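Student: As a plain string of letters, each chain reads:
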Amino acid sequence: MLFSENFKIALRALRANKMRSVLTILGIVIGVATVVALLSIGNGATASITDSIQSGGSNLLTISPGRQQTAMPGMGQSQTASYLYYSDYELLERTLTGEITSIVPLYQSSYTVKFGDESFTSPISGVMEDHAQARSFTVMDGRFITDGDSKSLSRVAVLGSTVADDLFGTLSPLGQTVSINGVKFEVVGLLESEGSSIGSPDDIIYVPLETGYAKLFGDTANHNGKKTLNSILVSVTSSDNMDAVSAQAEYILRRAHELKPTEEVDFNVMSQSDTLETLNTVTQTLTIFLGAIAGISLLVGGIGIMNIMLVSVTERTKEIGLRKAVGATKNQILTQFLIETVTLSLLGGLVGILLGIGIALAFSVTGLINSVITMDSILLAFFFALAIGIFFGIYPALRAATLHPMVALRYE
Amino acid sequence: MIRAQDLTKVYQMGDNEVRALDGASFTINKGEMIAIMGPSGSGKSTLMSIIGCLDVPSSGKYSLDDVSVETLDESKLAEVRGRKIGFVFQQFNLLARTSALENVMLPLTYAGYSGREREDRARKALERVGLGDRTHHAPNELSGGQQQRVAIARAIVNEPNILLADEPTGALDSKTGVEIMDLFQRLHKENGQTVILVTHDSYVARHTERIIKISDGKIVSDEVNLDPIKAGTPRVER
Numbered sequence: 001m002l003f004s005e006n007f008k009i010a011l012r013a014l015r016a017n018k019m020r021s022v023l024t025i026l027g028i029v030i031g032v033a034t035v036v037a038l039l040s041i042g043n044g045a046t047a048s049i050t051d052s053i054q055s056g057g058s059n060l061l062t063i064s065p066g067r068q069q070t071a072m073p074g075m076g077q078s079q080t081a082s083y084l085y086y087s088d089y090e091l092l093e094r095t096l097t098g099e100i101t102s103i104v105p106l107y108q109s110s111y112t113v114k115f116g117d118e119s120f121t122s123p124i125s126g127v128m129e130d131h132a133q134a135r136s137f138t139v140m141d142g143r144f145i146t147d148g149d150s151k152s153l154s155r156v157a158v159l160g161s162t163v164a165d166d167l168f169g170t171l172s173p174l175g176q177t178v179s180i181n182g183v184k185f186e187v188v189g190l191l192e193s194e195g196s197s198i199g200s201p202d203d204i205i206y207v208p209l210e211t212g213y214a215k216l217f218g219d220t221a222n223h224n225g226k227k228t229l230n231s232i233l234v235s236v237t238s239s240d241n242m243d244a245v246s247a248q249a250e251y252i253l254r255r256a257h258e259l260k261p262t263e264e265v266d267f268n269v270m271s272q273s274d275t276l277e278t279l280n281t282v283t284q285t286l287t288i289f290l291g292a293i294a295g296i297s298l299l300v301g302g303i304g305i306m307n308i309m310l311v312s313v314t315e316r317t318k319e320i321g322l323r324k325a326v327g328a329t330k331n332q333i334l335t336q337f338l339i340e341t342v343t344l345s346l347l348g349g350l351v352g353i354l355l356g357i358g359i360a361l362a363f364s365v366t367g368l369i370n371s372v373i374t375m376d377s378i379l380l381a382f383f384f385a386l387a388i389g390i391f392f393g394i395y396p397a398l399r400a401a402t403l404h405p406m407v408a409l410r411y412e
Numbered sequence: 001m002i003r004a005q006d007l008t009k010v011y012q013m014g015d016n017e018v019r020a021l022d023g024a025s026f027t028i029n030k031g032e033m034i035a036i037m038g039p040s041g042s043g044k045s046t047l048m049s050i051i052g053c054l055d056v057p058s059s060g061k062y063s064l065d066d067v068s069v070e071t072l073d074e075s076k077l078a079e080v081r082g083r084k085i086g087f088v089f090q091q092f093n094l095l096a097r098t099s100a101l102e103n104v105m106l107p108l109t110y111a112g113y114s115g116r117e118r119e120d121r122a123r124k125a126l127e128r129v130g131l132g133d134r135t136h137h138a139p140n141e142l143s144g145g146q147q148q149r150v151a152i153a154r155a156i157v158n159e160p161n162i163l164l165a166d167e168p169t170g171a172l173d174s175k176t177g178v179e180i181m182d183l184f185q186r187l188h189k190e191n192g193q194t195v196i197l198v199t200h201d202s203y204v205a206r207h208t209e210r211i212i213k214i215s216d217g218k219i220v221s222d223e224v225n226l227d228p229i230k231a232g233t234p235r236v237e238r
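Quick mapping for you: the protein sequence lines, in order, are chains A and B.
Numbered by the working numbering, the letters in the first sequence go through residues 1 to 412 in order.
Numbered by the working numbering, the letters in the second sequence go through residues 1 to 238 in order.
Certain hints may be false.
Covered, in the sense of this in silico footprint (three residues per stretch, anywhere, with C-beta under 8 Å from a C-beta of chain A), are these stretches of chain B [claimed, not checked]:
hint: 1; segment: 49-57
hint: 2; segment: 72-85
hint: 3; segment: 107-115
hint: 4; segment: 184-194
What the hints contain is simulated information worked out from the structure, not anything from laboratory work.
Every value quoted in this text rests on a predicted model; they were computed, and no experiment measured them.
Backbone N, C-alpha and C define an ideal beta-carbon position, used for all residues, glycine too.
Produce the complete structure using the sequences and hints provided.
Tutor: Quick look at the structure:
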């Protein structure tokens, strides 16, 4: 007996109970849709994170205070606060001999920003002139912070594009005066938008570092009378030299922080690829975790299909008896019911894939996450649904196939 | 040609053994029209399922056209059923939401005929039972008598050696029952078809040429009926 005939019989049986068939495949539809949507969104998130980090300059080392995250937190280590000082920056700038193009300090904190009736809290970054080059910013209008601004403690500010929009709307920000934590700053420059990704300058207001220390940051930027920093960015000439520069910076800072060789460092030297790796691990873990949940819902859907098929076998006992009486073999009955289950799960799989693609596209269209739909995820979901159909179809099909023809014919 | 020798069938019901058949022996020749009669619980259904190769005896010998059935495995039994036996049941047992034509085609599907040949043969079978104009009706669009005719068409479509009918008029009113009996007699006369009727109704049984009576799993009489009732003649109790 041909596969297509079994398929026709299966479709007829499923059409006979439309509502039941629809409800039965719902579990598979939801499971498959979740798998496809989650994988697409996960892929999209990973791609956009990778993108945004690489756009920040792939040869950038970020030195920040804090212990390495390798040790288990709270396991017998004293969790004293650690600091990165302005003097560390000066030391590194003097003594780092490796292949570096620039080294810039950064202090960042959040303050209330006001212009006219607009008022909100925004991150304020104290930076030096080289910052724009190290982070490869593009100034759209006006100019960036200069070393002259820092020396003369000028109260000038450069705005990221989102902040500028929020504060001024359609008004030109250049030459306007904004109030940051009650201190007046003149807007001298406007940065080009880099898109809403991690580490984007769009949401940040830049001020000269020295001006910040003197007029804005106050005591919070001081520890034991020394000026502190959030990070030091080191731009390296090429990615081949990253490891060497990183090792040298660590050596210099270890000495500066008077750490014994056995002590762990109280700062972090991270390259973009390290950050990328960390973030990718996180997104991968999340994707696997969510995928597992979707997998469970597929499993539950499979059990639902098996349940309904068992009911169907019982309901159609007489039909099975009749088929056997007119010459159907055990294998033919087995195949018929197996194909019926597989048809159900594949139907659910196809609807689920379409729904999943729809959800993923909806995420893209609304701009939440630019999802990436891959053939892999679609095939994975499809074959998983197929496997579920076969796995959960075997038991009901065996039940049908092993029915005794006489008993089946007399079943009421 | 059916040869049954000392057939027994024992069912295990909990702790009790039930001997549904207890040493039945008989021979049925090709082209006979006979009735197997007995009250319910007499073992006639068990006998029917063994004759129809739906079941094998616990002991004894049963051969169909010189093939020993008790030695066959399940898939061979299915093949024998498909080729040599046509079943007609009391409740018709048609597939719902399936046209008469497709119902009749079912045995041919399992026997492996091509789509074209299946349809031709099924059409001819339906014409033989007088339903040539009802091929595309589903069972619920047909009367009881018409449904039983479809079932008979399904039983003869494979040109089986034996037509095995289990209380074929049991679910029909007497007028329709007479029509069905007439159809069986016609098939028997015109084509020399072997017909075995299983029934508890002596009036139905008297339409045949030979009546085997069974009681408590044993054959109690096996007589030739010299004057079978012709279907359609008025019912006279003797």
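Student: Hints first: check each against the structure and report whether it holds.
Tutor: Against the structure, the hints come out as follows:
With a cut-off of 8 Å between beta carbons, the segment 49-57 of chain B has 4 residues touching chain A; three or more are needed, and the interface restraint holds. Counting residues of the segment 72-85 of chain B whose beta carbon lies closer than 8 Å to any beta carbon of chain A gives 7, which reaches the threshold of three, so the coverage claim holds. Closer than 8 Å: that is the beta-carbon criterion, and the segment 107-115 of chain B has 5 residues meeting it against chain A, so the requirement of 3 holds. Counting residues of the segment 184-194 of chain B whose CB lies closer than 8 Å to any CB of chain A gives 0, which falls below the minimum of 3, so the coverage claim is violated.
When the structure is compared with the earlier hints, a violation turns up for hint 4 alone.
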